[in-house]
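Assemble the whole structure, with the sequences as input and the hints as a guide.
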Amino acid sequence: MKTAIFAAIAAAAIATPALAQSDMAEGSAFTGPRIGVTTGYDKFQGHDGVTYGVDAGYDLAVTPKIRAGIDVGLADSTAKTDAVKASRDLSASARIGYVVTPKIMPYAKVGYVDSRFENRDGSGTGAGFEGVRYGAGLEVAPTPRTYISAEYQRTEYEAGIGGRDAAMVGMGLRF
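With numbering that gives the first Met the number 0 applied, the sequence shown corresponds to residues 0 to 174, in that order.
Keep in mind that the hints are not guaranteed to be accurate.
With a straight-line Cα cutoff of 30 angstroms, these simulated DSSO-like cross-link-like pairs (lysine-lysine) come out [unchecked claim]:
#1 Lys102 - Lys64
#2 Lys84 - Lys42
#3 Lys79 - Lys42
Simulated from the structure, these hints should not be mistaken for lab results.
Quantities reported herein were computed from a predicted structural model and do not represent experimental measurements.
What follows is the structure, encoded as structure tokens:
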């Protein structure tokens, strides 16, 4: 599964520049490299917590209204069950957005995630689980180089350990 998801993300990253048009003024706030911070609500196996982290990405204009790009993230969480605590969370996703106005862009994304869960019994051991993450969000550009985002994420793990939901907010800079 990991190979197929990475192949899809790589294909999107390679194909997007070929489709991009050079100078698109409308929605140009949603193109180029970006870096930001995120935080939000995290729910794993019926237990609540707070997630926080950083993300980075690159978006290109496919048409005057459509944006496509990649997104990578590193996060941690306070969500825990009686047996495990959610820990490090690495993700890589492809995303596509539609510029509604020069300052508003809804988007959808799908990608690969590798999450770590630590045992709470004091043994110091834990395990990593791979899965698929998908979600949708809204990005607002108060200025051409800043953004604020809100996003829902759902993660389905391969190991059958149950899913994970997160409602995130973020802010960042574009370069």
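Violated hints, by number in ascending order, as checked against the structure: none
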